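J.: Single-letter residue listing:
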Amino acid sequence: MKTELEITAYQCKACGRVHYPYHDRCLTCKNREFEVIKPEGDAHLLAYTQIFNLPWGFDVRFLVHGVVEFSNGVKAMGQIHVESLEDIKTGMTLQPGWEPIRIVSGEAIYGLVLKP
Amino acid sequence: MTLDMELESVLRAPALEMAEYPAKVITLANSKKMVVRQAKRTEVPILLDAVRPTMKIERDFYDIVGARLYAELLGWYRYRVRNEYCLVGQIDGYVVGIVNGRMVDEDIGISYHTIAIDRGLKVGAHLFAAKMEHHIEYLGQDEVWITAESPIGFRRWMIEYNLIKQTGVQHELGGATSYKLTRQLYFNSKSRLVAGERPVPEILLNFAHENLLVADEETIQEKICGTIGGQR
Amino acid sequence: MRDVAIIGVGMIPFGRRDEDTLLDMLAYASLNALDDAGMGDKGVDAVYVANMGAGILQHQTSVASALVDRLSLLPAAADAVENGPASGASAIKNGLLAVASGYYDTVLVAGGEKMREVVGWKATDFVATMTHPEVEYPYGITLPGMAGMFTRLYMEKYGLTRDQLIAVAIKNQKMGTLNPYAHVKMIITREGIVESPDAAVNNPVAADPLHFYDMCPVSDGAAAVILCPLEKAQEFTQNVPVVIAGFGQATDTHTLQERDDPTNLKAVTLASEQAFNMAGLKPKDVDVAELHDAFTILEIAESEHAGFFKKGEGGIAAENGETSLKGKIPINVSGGLKSRGHPVGATGVAQVVEIVFQLRHQLDEARQVKDAQVGFTLNFGGFGNNVVAFVLRRSE
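Chains as they are written, first to last, in the working numbering: chain A, 103 to 218; chain B, 353 to 584; chain C, 165 to 560.
Hints in this document: simulated from the structure, not taken from any laboratory. Careful, some of the hints might be misleading.
[As the list claims (entries may be wrong)] Quick look at which bits of chain C chain A covers, simulated, 3 or more residues with Cβ under 8 Å: (1) 300-313; (2) 426-436.
[What the hints assert, rightly or not] So, partial list: chain C residues that the calculated Cβ filter (under 8 Å) puts toward chain A: (3) K286; (4) L317; (5) V369; (6) L420; (7) Q421; (8) E422.
Note that the structure is predicted; figures quoted are calculated from it, not measured. For each residue, glycine too, the CB sits at the ideal point set by N, CA and C.
Bound conformation, chain A alone:
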């Protein structure tokens, strides 16, 4: 498991709006200069779901996805590794990690993984 989250977010130098993913111009003020930031602090769960009809490339029965907001305003989607939705609820804090999220041509692709 990799410990550093390979998420690069962008904070507008003019108005402070945090962006992830990248935008060439700030969504609020159209400024083009950003400070590169990393997610910091706790990850709070904003939204989640459990899906059962998975796309090609996944051979598990279900995936749980969530969108979290870190304390410094970075929002990101990740896979939540739980066995049941009963273990999670909106607003809770999850532990972020950078782990394999899928396998493509035999190679593990890493991404944001969240755990209670």
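Starting from the known structure of chain A, fit chains B and C onto it as the hints suggest.
T.: Chains B and C in isolation, oriented as in the chain A frame:
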């Protein structure tokens, strides 16, 4: 057909004693009631009428499933397949799905085929689950070996039931990798996948027994294929 | 700008059309529309073809050029239009602007998709290519997954209930049984999908809290319309012309996470307001609407954001029958995407075709909104990040 019972006694291997599947009724999404019951050997000629039209349908591998199921049912009817059973799903008497399998021995079952004639109501899924229920709960077996001929089958069974892949174990049907359902996996999935109520109300059950109906070929093909195109 | 009329419409039954190629379906729908417009032996000035997936699913590109050749419409101008599930309405918008500007007099707009060419989870993957390629797609998120997250948030914010979603599913499936073009013609009941002990197996969770019957099917299909200036409509056909009185289009952030309030379908509201303003009409003037119910939640949410109901009241209205054929605002009386099906490139065109049927008063009583004069369509691209709306009006 006249049988030489002396020859038959050579050709028919001794059969295991098989518990009967207790019929159940499933309420489908459109509120229709599907009776799931064990078919009698004597009913095979009628079941073959239901299967025959499917052998002409390439879509979703119906042709190979239909052809193989036809052979298996005929083999059972003529006492040339040991320890086979067949479950049938009926709505208002009409055959809407057929599943079959057999006991290899007391502990291991082999799932043969699953065919749904009325689509869109999860008939196939319900009947496959009934088949697993039969092997584990009524035949008392420890595991069932399963393979799939279509992508739908593969997705529905191997992933839904979290089946165990068996490397180096050839399923009787040949072909692709063999998977197995164990007692534990079955009971882990049962509440999610196995439907139905028992006992079946007498009037429904009697009707199903007395009226094993098969739609005409055109209706069967239309039920399976729906709109196939080819015209404005 | 000239008033633009729809003088011909064509559609083919949606479903799993194994015998047809994508071009076959587009051609059939186009010929039906040309014939309906009295132009079966004529050319057009321009062709717009709506399609999202031919490059991925059929390994085919330049479908507009291919269709023009197939239909002997050379040397018409031809463009393919891709806007995800809103490709159809975007293509009509392009055709509308071309005619309204005075540059073209006759335009064919056809939309089609052949999604059943691949197995279900490849079709799911294809649709998921709409999500953000770096921060969403790799995680295996699907459009139903987006809808699931949205539904939970909507439930938490507005008290939307599962029963309200079920009311939409049952209504649309029932109406689909009356629509000859519908992919799914099957009644579902509360007993079958909610109340009976077998309901959990019949109607399993698909993208929590959405269930199997909250979803539209994966379909093949095509639809087409013929546009011309209203003043020239009578030169071609005696069909009652249906005028595109207003249109609107708006966009929102690509990812749900970057929206200030992910339950606020801003693009739906903006696109709808533009369309109504252009038409000089309001939501209360609409007699019949086709909304984009790829998931039952979207019919409810769109009915609110388009202005038919206040926020939080669309679900109650659906449950009370206000969106049924004889209700206050009939919505998706065609069966919607839920029953008619959702071949993504075709959907926006099919919605307009259904409204034209309504405004021409050519449907039988079981499906016809009595004396419909004004119709509305909403085509929802991505997960609400690109939305196109039309207001249509019977011209006589």
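J.: Against each hint, give a clear statement of whether it holds in the structure.
T.: Structure-based check of each hint:
{"no.": "1", "hint": "300-313", "result": "holds (count 10)"}
{"no.": "2", "hint": "426-436", "result": "violated (count 1)"}
{"no.": "3", "hint": "K286", "result": "holds (5 Å)"}
{"no.": "4", "hint": "L317", "result": "holds (6 Å)"}
{"no.": "5", "hint": "V369", "result": "holds (6 Å)"}
{"no.": "6", "hint": "L420", "result": "holds (7 Å)"}
{"no.": "7", "hint": "Q421", "result": "holds (4 Å)"}
{"no.": "8", "hint": "E422", "result": "holds (7 Å)"}
Hint 2 alone, counting from the list given before, is not met by this structure.
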